[in-house]
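> Just so you know, the protein sequences line up as chains A and B, in that order.
Throughout the first sequence, residue numbering follows this note's numbering, covering 202 to 313 in sequence.
Throughout the second sequence, residue numbering follows this note's numbering, covering 757 to 866 in sequence.
Simulated from the structure, these hints should not be mistaken for laboratory data.
Misleading hints may appear alongside valid ones.
[What the hints assert, rightly or not] Taking lysine-lysine pairs in the BS3-like style, the calculated list, with each CA pair at most 30 Å apart, reads:
1. A:Lys284 with A:Lys210
2. A:Lys215 with A:Lys271
3. B:Lys835 with A:Lys215
4. A:Lys271 with B:Lys835
5. A:Lys258 with A:Lys284
6. A:Lys271 with A:Lys258
7. A:Lys210 with A:Lys258
8. A:Lys215 with A:Lys284
9. A:Lys210 with A:Lys271
10. B:Lys801 with A:Lys210
11. A:Lys258 with A:Lys272
12. A:Lys258 with B:Lys835
13. A:Lys258 with B:Lys801
14. B:Lys801 with B:Lys835
15. A:Lys272 with B:Lys835
16. A:Lys271 with B:Lys801
17. A:Lys210 with A:Lys272
18. A:Lys258 with A:Lys215
19. B:Lys798 with B:Lys835
20. A:Lys271 with B:Lys798
21. A:Lys284 with B:Lys835
22. B:Lys798 with A:Lys210
23. A:Lys284 with A:Lys271
[To be verified] With the Cβ distance kept under 10 Å, some of the chain A side facing chain B (calculated, not the full set):
24. Pro286
25. Phe289
26. His303
27. Gly307
Here a beta-carbon is modelled for each residue, glycine too, at the ideal position from N, C-alpha and C.
Here is how the chains run, residue by residue.
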Amino acid sequence: DGGITQSPKYLFRKEGQNVTLSCEQNLNHDAMYWYRQDPGQGLRLIYYSQIVNDFQKGDIAEGYSVSREKKESFPLTVTSAQKNPTAFYLCASSDNVRQPQHFGDGTRLSIL
Amino acid sequence: RKEVEQDPGPFNVPEGATVAFNCTYSNSASQSFFWYRQDCRKEPKLLMSVYSSGNEDGRFTAQLNRASQYISLLIRDSKLSDSATYLCVDLTGTASKLTFGTGTRLQVTL
Chain A
202 DGGITQSPKY
212 LFRKEGQNVT
222 LSCEQNLNHD
232 AMYWYRQDPG
242 QGLRLIYYSQ
252 IVNDFQKGDI
262 AEGYSVSREK
272 KESFPLTVTS
282 AQKNPTAFYL
292 CASSDNVRQP
302 QHFGDGTRLS
312 IL
Chain B
757 RKEVEQDPGP
767 FNVPEGATVA
777 FNCTYSNSAS
787 QSFFWYRQDC
797 RKEPKLLMSV
807 YSSGNEDGRF
817 TAQLNRASQY
827 ISLLIRDSKL
837 SDSATYLCVD
847 LTGTASKLTF
857 GTGTRLQVTL
């Protein structure tokens, strides 16, 4: 089945540790996105990529990094510089930035 | 002012009722809009696009009012399974990214 797969579903981070969230899609979409959602709040864009080997900062990129070496993969690293990483992280993809996005089922990150 | 604003609700309606949500947007140049549905602790799922002439999909009707800069979602004959948070999304041409509202929570009761 075509879709977007995020892993892991739950992730725990120790203080000072970097963690990487995986996002893979087999929809042949060019654009991919990472969002963060905090309880009771809307989605905030962290990074997005319109094409392989290119990505742009979103509204809250500080403390995060991404790569887009392959069309189907857009991993997000939450670095130790991100002081409040506890949130629900959502990856999405679309044909291009003007088309509606389709979401993975998310990763919940918590601090130990 | 936020780019996209929604009444957070909750809207509590009985089963079978008709309910409508509005979503205001600030960018007069915005070109296209979408409604998403998000269940508790789940990912958003695309519900429908919003066309300038208005569009209907079963019990759901979406409309765009450019003069007053808002979009609306009307749900007829509400079902218990319609209980969710509804997010409106604005495609901002300059930033080339979707701008999500914080969502309106709907609770349909017996």
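> So, for every hint listed, does it hold in this structure?
Hint check:
no. : hint                   : result
1   : A:Lys284 with A:Lys210 : holds, 21 Å
2   : A:Lys215 with A:Lys271 : holds, 29 Å
3   : B:Lys835 with A:Lys215 : violated, 43 Å
4   : A:Lys271 with B:Lys835 : violated, 42 Å
5   : A:Lys258 with A:Lys284 : holds, 18 Å
6   : A:Lys271 with A:Lys258 : holds, 18 Å
7   : A:Lys210 with A:Lys258 : holds, 24 Å
8   : A:Lys215 with A:Lys284 : holds, 11 Å
9   : A:Lys210 with A:Lys271 : holds, 22 Å
10  : B:Lys801 with A:Lys210 : holds, 18 Å
11  : A:Lys258 with A:Lys272 : holds, 18 Å
12  : A:Lys258 with B:Lys835 : violated, 40 Å
13  : A:Lys258 with B:Lys801 : holds, 24 Å
14  : B:Lys801 with B:Lys835 : holds, 18 Å
15  : A:Lys272 with B:Lys835 : violated, 40 Å
16  : A:Lys271 with B:Lys801 : holds, 25 Å
17  : A:Lys210 with A:Lys272 : holds, 22 Å
18  : A:Lys258 with A:Lys215 : holds, 25 Å
19  : B:Lys798 with B:Lys835 : holds, 19 Å
20  : A:Lys271 with B:Lys798 : holds, 27 Å
21  : A:Lys284 with B:Lys835 : violated, 41 Å
22  : B:Lys798 with A:Lys210 : holds, 11 Å
23  : A:Lys284 with A:Lys271 : holds, 29 Å
24  : Pro286                 : violated, 18 Å
25  : Phe289                 : holds, 8 Å
26  : His303                 : holds, 7 Å
27  : Gly307                 : holds, 5 Å
The structure fails hints 3, 4, 12, 15, 21, 24 (numbered hints given earlier, in ascending order).
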